[in-house]
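Participant: Dock chain B against the given chain A, drawing on the hints supplied.
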Amino acid sequence: MTMVADEARMLLTLEVGGRLCGVPVPRIRDVIRCERIARVPMAPAGVAGVLNLRGRIVTAVDLRERLGLPPADADAQRMSVVVEQQAELYSLLADSVGDVLTLPPETRTDVPTTLRGAWREHAVAVHRLDDQLLIELDTDRLLAFGACAVLEGRR
Amino acid sequence: MDDLLAEFLAETTEAVADLDTALVVLERQGGDAETLARIFRAVHSVKGAAGFLALHRLGAVAHAAENLLGLYRDGEAPVTPAGVTAVLAALDAIRGILNGLGETGVEPEGDDTALVAALDAAAAAGGDGARTALEPDIALPAMEVSAIELPEGPAEVAAATLVEEPAVAPAPATATAAATATASAATPAAPAASGAAPAATSIRVSLGVLDDLMTLASELVLVRNQLLQIARSETTSPFAAPLGRLSRITSDLQEGVMKTRMQPVSAAWGALPRIVRDLGAELGKRIDLAMSGGDTELDRQVLESIRDPLTHIVRNSCDHGLEAPEARRLAGKPEIGRINLSARQEGGRIVIEISDDGRGLDLARVRARALERGLATEAELAGMREEDVARFVFRAGFSTAEAITAVSGRGVGMDVVRSNIERIGGTVDLQTFTGQGTTITIRIPLTLAIVSALVVQSAGERFAIPQATVVELVGLKAGGIMVEWLDAAPVLRLRGQLLPLVALGPQLGLEAPREAGQAVEGFVAVLQGDSGRYGILVDSVFDTEEIVVKPVAPILRDLTAFSGNTILGDGSIIMILDPAGIARLSGIGAGSAEAQEERVADTARTQVLLFRAGGSATPIAVPLGVVARLESLPGASIETAGGRPTAQHRGQLMPLVPIGPWNAPGPQGSQPVLVFQDGARQLGLMVDEIIDVLEETLVLRPSDAVPGFLGVAIVAGRATDVLDCAYWLRLGDPGWFGKSQGTAPRLLLVEDSGFFRQIVVPALTAAGYEVTACADAAQALALREEGAMFDCVLSDIEMPGMDGFALLQEMRRDGPWSRIPVVALTGKAGPADVARGRVAGFAQYVAKFDRDHVLEALARAIGGGA
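Residue numbers (UniProt numbering), protein chains in the order written: chain A, 1 to 155; chain B, 1 to 866.
Same shape as in the complex, but just chain A (with noise of 0.2 Å):
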């Protein structure tokens, strides 16, 4: 994905594990409750499962384990965020979802080096915001699943 780094940026916040995250507008084509998913034996971790849009069958990344962080209440209501990867449809599980928000090229910073792990290796920018810190993810590097993908996480 090419940044435009001086052009406003829209980003759909949501919330995993109480950090404030936010996913580019563009890339998502539905926000859902999330309901039934159904488990996929031997899938790799981060993979939550498949779940049926509306006919179409759409894989679930749970951001929570995906970002390292503990795993949600079985009983938690999450929220589905839709994301289109190569006319493929993902889903990406939080915790909740919240606002739109226009953010200018002004707020917006570059990955601290000091983020480690997983955080460090799905984020794109940091915004200011007045109240607290949002952290821009990137949605390709948070569905490249596979060998390359394995070998840098472990970094």
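Derived by calculation from the structure, the hints in this document are not laboratory data. Any given hint might turn out to be false.
[Unchecked claim] What the simulated footprint calls covered on chain B by chain A, stretch by stretch (three residues with Cβ under 8 Å from a Cβ of chain A suffice, anywhere in the stretch; the number is not a length): (1) 507-518; (2) 555-562; (3) 567-580.
Computed from a predicted model, the values in this text were never measured in an experiment. Backbone N, C-alpha and C define an ideal beta-carbon position, used for all residues, glycine too.
Facilitator: Then chain B, alone, in the frame of chain A:
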């Protein structure tokens, strides 16, 4: 790009695609007038259209090629390999230009002078000044556009042309037709009477539209299934009747759409003759490629997926399989190597075979390579059968080629071929004979989109197993068929064979492995894997459902256990198990795991199949031994032929007989059937529900004579009707027992139980014996007095009056029967009993109801113990 250019590109690409094959034929068989005319016409059309569209490069190349072809066509020059090579090069150039046109809309830059010179040289060498005959091409331009539109025989197969009738279009088959066909663009009101007619039966539809239609039809099937599921729970619904209609129409629609996507398999191998020719020239080998069954049709998606594997296999055959002419001569083979390519349909699958008469796989080298790559240990290799060793070539990272040549061995190997084919639910196998050649067999499903699948559950999760791979379903029950343990590995004894089992839950990491020795309940789905059968152990089994196979997301593609996923009628998503993948995961198929086991003597207890039929609540029993297998047929597979229900099943037509009143299941429903088999002939008895299989001592009590039933027995504490198989089989197929001829071996059955006689006689008759039955030894001996003669006697041991041993003694004492082999039929077949029987002089000693054993024993006894 404007429409005219797009249309031109689509048609020309299609027409040119076929010419390679035609040219290779031309070169081999010389100037077949029809072929020549066809090639000439196609190139001529390209030239004309190029002139019309002001495509100068294309026009120049086509023109030069046309000149040469014109000489060939008119017999003014002999067809030479050099000439054909030049024309092939011209076709490549034309293709290159067409590709460029497709990408940019303008002719790509390029210099064709050398090519044109080569074509002209070939023409000059062959004929003298014949070029003038074809000069006035300026006059033709507009016509050619419509001339290409008429599909020319095999040209239809190349892309998505819809053909309702085999429009082989003989109309443009004469050399002049192209010139007489009227340009529809220019004068649409006056189409040529003869030339334009066939075009009306087919139209061009883009692949995208067809694929979308297929997706929509598939979705419709899903919605229909969902509706049917809801309707099933409501007994009286006003929607039932229209829903039935909707269901039928949906099925028809699905079938219709599927048909539009069917293409002959020759579309996938159309390029091969050219490839083989070029490879032969490159490698200095002479190769003959024979193709048969090219008109076998399959779904275009499947077709696309086998194109590359096929090409790869054929390249391999040319490069590694076939020897150089010198080596062939030394080996006493004809110098010309042969590759056979054949396709045929077998049930719901297409079988493609690629065989060559080359040197065969070097198994020693395969062994060495497998060892080197760490694919197997020396000990494992030593114990492996040759066919298993040969299969190593399908393993990842395995290539036997010593040197990587330009032809094959470019990093992709047979493992890629295998994974491509397995991805679409197919299998690939290989047979090789040193010095004689190699045969590779590919089995692929007809269509990928919709398959019938068995839904099973393990560890609380449901999975679908493609029905085509399920051989049978076995219910596990304490006291019935049970799982046994070889150390930590569960196995199942099934008809004398030891079946390796894979416990699905633990294999998929859903639950902890069961402790060895633990009793296991549930079901075993017996699957046919590449290297033998194995069973998947599951907790429960649901219906068979038609499912739409959807590929999993790219991030899940590495999961070997699954071939896709699907949405069930209730909206839930389940994963589709890949039997080949599971076998690989669990290590089955590394060797030949299916083990033979010593046959186990049965006890007096008999395996009895319990079912309900004809709407009656009373269970019905039949000895399992007389039933070949149990099937659950999808309702849609049951048709009515000649007023009788019939099912097309696994490529065979099977008459179906209902036991009592019968309600046809809906197309989505399923019909439990007891299948009886006699050689290739089979017949199904349709029942309402299969209840159980259990071991029971059947004691037949007489009851009111009801046709079709032998009487009543107590099974599992309940009064149960006992089925008279003979009655129903005769009802379904009067000829079932009617083939006893004078040549059939004559058999005397001495058996006091009427029930056993009723069971055994039909089974023996069906197996081709002429059976005479007696109720006791006295009756049998009376027959001897009457002068009756038999080839074999099958006698019960425990009988009132004279028992089996006494009868045998009496027969052996003297008289015409003293040499007749006697087989003991008994409820007790423990080792001690067998030993006693042998001592007494019985040829064989077998357990009742074990149809296969009885038949085997008889065959052996009559064949002189062979």
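Participant: How does the coverage statement for the segment 507-518 of chain B fare against chain A, requiring three or more residues with Cβ below 8 Å from a Cβ of that chain?
Facilitator: holds (count 3)
Participant: Establish whether the coverage given for the segment 555-562 of chain B by chain A is satisfied; the threshold is a Cβ-Cβ distance below 8 Å, and no fewer than three residues must meet it.
Facilitator: Satisfied; 6 residues make the cut.
Participant: Are three or more residues of the segment 567-580 of chain B within 8 Å, CB to CB, of chain A?
Facilitator: Contact hint for the segment 567-580 of chain B vs chain A: holds, 6 residues under 8 Å.
Checked against the numbered hints given earlier, this structure breaks none of them.
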